[in-house]
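So you can see what is in the structure, the chains are spelled out below.
Protein chains: 2
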Amino acid sequence: MNKICELFGIKYPIIQGGMIWCSGWELASAVSNAGGLGLIGAGSMHPEILRDHIRKTQKATDKVFGVNLPLLYPQIDELIQIIIEEKLPVVFTSAGNPAKYTSHLKAHGIKVAHVIANKKFALKCVDAGVDAIVAEGFEAGGHNGFEETTTMTLIPLIRNTVDIPLIAAGGIACGKSMLAAMALGADGVQVGSRFVASIESSAHVNFKQKVIEAKEGDTELMLKKIVPVRLLKNTFYQEIKSLENERAGISQLIGHLGKGRAKKGMFEGDLTEGELEIGQVSANIDSILSVAEIVRNMIEEYREQLKRLPQF
Amino acid sequence: MNKICELFGIKYPIIQGGMIWCSGWELASAVSNAGGLGLIGAGSMHPEILRDHIRKTQKATDKVFGVNLPLLYPQIDELIQIIIEEKLPVVFTSAGNPAKYTSHLKAHGIKVAHVIANKKFALKCVDAGVDAIVAEGFEAGGHNGFEETTTMTLIPLIRNTVDIPLIAAGGIACGKSMLAAMALGADGVQVGSRFVASIESSAHVNFKQKVIEAKEGDTELMLKKIVPVRLLKNTFYQEIKSLENERAGISQLIGHLGKGRAKKGMFEGDLTEGELEIGQVSANIDSILSVAEIVRNMIEEYREQLKRLPQF
Chain A
388 MNKICELFGI KYPIIQGGMI WCSGWELASA VSNAGGLGLI GAGSMHPEIL RDHIRKTQKA
448 TDKVFGVNLP LLYPQIDELI QIIIEEKLPV VFTSAGNPAK YTSHLKAHGI KVAHVIANKK
508 FALKCVDAGV DAIVAEGFEA GGHNGFEETT TMTLIPLIRN TVDIPLIAAG GIACGKSMLA
568 AMALGADGVQ VGSRFVASIE SSAHVNFKQK VIEAKEGDTE LMLKKIVPVR LLKNTFYQEI
628 KSLENERAGI SQLIGHLGKG RAKKGMFEGD LTEGELEIGQ VSANIDSILS VAEIVRNMIE
688 EYREQLKRLP QF
Chain B
388 MNKICELFGI KYPIIQGGMI WCSGWELASA VSNAGGLGLI GAGSMHPEIL RDHIRKTQKA
448 TDKVFGVNLP LLYPQIDELI QIIIEEKLPV VFTSAGNPAK YTSHLKAHGI KVAHVIANKK
508 FALKCVDAGV DAIVAEGFEA GGHNGFEETT TMTLIPLIRN TVDIPLIAAG GIACGKSMLA
568 AMALGADGVQ VGSRFVASIE SSAHVNFKQK VIEAKEGDTE LMLKKIVPVR LLKNTFYQEI
628 KSLENERAGI SQLIGHLGKG RAKKGMFEGD LTEGELEIGQ VSANIDSILS VAEIVRNMIE
688 EYREQLKRLP QF
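Residue numbers (our numbering), protein chains in the order written: chain A, 388 to 699; chain B, 388 to 699.
If we strip away everything but chain A, and leave its shape as in the complex, we get (with noise of 0.2 Å):
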């Protein structure tokens, strides 16, 4: 059996990336209706909104589902409480030290990955015991590794380095990037920008819009200087890359960023001021669906192309 669909008891190994304002229940209900694994997205969350999302998915699905968490959220403790408090049984941990909360969650029954974007990271992730690594690769969406490493690159350099089950992240977004991920070696695939543009996800309407009109080139990492993200190119994008190309300091870039640029712009709809951020496989998605369609679709043209791959 596949290591990821039996170490989260799922169908297929189809992992919904957990989104700021873009994956609340849903989102994640839908996804694991679909049998893949949902994740609510806790990033964009005060603790009570985690709550009340988790509360509503329970009652949406009766299939599991998860937290993405990321670990420099400020009220990081209160979450983890909650999620311990409503049972929780999956947890994915990004942006932080795999080190600091896996065996706490894992006393606690909750099967544990972290997303990583380099080796020293899944030799770290290794060593803190959690049950899965994502690795993600430089065309995903959001926050991103300082390295660059392509997804192509990295699956292969991380599947020959560790042997615990290995999800790829990055550019996947239908069946063929779904066959190929699992040909680099990984055992499942985490999705974000195509779930973005589902019905189901929590985006404004005018960003999923925005989401499926993008086409290549049109979105770049940036804020290399803090913390790479990949945004989607507008107004906001435009000032972020003169402050960079007038060599503007960190504390020059963190000002002008501010605050709620990413609710703003995702959940509010701003595509002029707001933060947009999406895959650069934006530029293959040119429809807002259903999660059902988008994962049958996924699962129909992987076996499809898994029955065309030539024999040598």
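Just to be clear, a hint being listed does not mean it is correct.
Which copy is meant is left open, so a pair is good if it fits within one copy or across any two.
[What the hints assert, rightly or not] Straight-line C-alpha distance at most 27 Å; calculated BS3-like pairs for lysine-lysine: (1) LYS611 - LYS628; (2) LYS446 - LYS612; (3) LYS390 - LYS694; (4) LYS620 - LYS511; (5) LYS612 - LYS602.
Hints in this document: simulated from the structure, not taken from any laboratory.
Given chain A, put chain B in place with the hints provided.
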């Protein structure tokens, strides 16, 4: 039968990237003898040197081989004349408009493939009547596209745009990544960095050693103001990086580049002041092997990995 094998009359759809200073007659003939398609990298050759390499390759193999021709080469017409005189069956063109020479080459019975990094040029290739497209991702070594689209994103995008035979390039150095490229919809792969670190490549041994020592994050896409090129980090790279950070103009950058940097680095082995072009996947390469071993390992790993792919 596989389209690329059929088109070129080869056993495995493995094309050796025609790389300046690294791919002379020894590499090209070794790859063709191993069942792939060897390409002489004409971009670093004076016309009569190219003729010499063609004749030596003809002596060293009875298999088909070709030439890679960067269209920006100053003595391009002389090179093309030699290719026609020597009755070469295959030309891979890059760095230019495929409309310019394709029909001329095809009128002489030559099969033409052209290297692109975006959809616009893929469509131009179809209009120009090329026989195959090489789609090259951001992770590839040497010259690269402005859009920074990775192989994982680019191949399905191009596959869904054009029907002609498609060769994936960028990040492919093992059987896993070869299989992944085919899963993404490619009919074949172009392999560069892995063949640089072969016994038969004409790269200086210092450079080969540096390639196998390279770790993740050791290459970066530079000179985006002129033509993006992926470089291995060394003193020369640091100098370019400093100039770019100081917002140097194009003429200043070109002035610093000067002449002969690539030869100095890759052919003469000056790892300090020379230009070292290599792919991100150098992080995954840790041995200098014979071409026969490289191809054999790649095909063996491809077969093993194909058997391992899960069905859903």
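Here's how the hints hold up against the structure:
{"no.": "1", "hint": "LYS611 - LYS628", "verdict": "both (11 Å within a copy, 14 Å between copies)"}
{"no.": "2", "hint": "LYS446 - LYS612", "verdict": "neither (42 Å within a copy, 54 Å between copies)"}
{"no.": "3", "hint": "LYS390 - LYS694", "verdict": "both (22 Å within a copy, 16 Å between copies)"}
{"no.": "4", "hint": "LYS620 - LYS511", "verdict": "between (34 Å within a copy, 26 Å between copies)"}
{"no.": "5", "hint": "LYS612 - LYS602", "verdict": "both (26 Å within a copy, 21 Å between copies)"}
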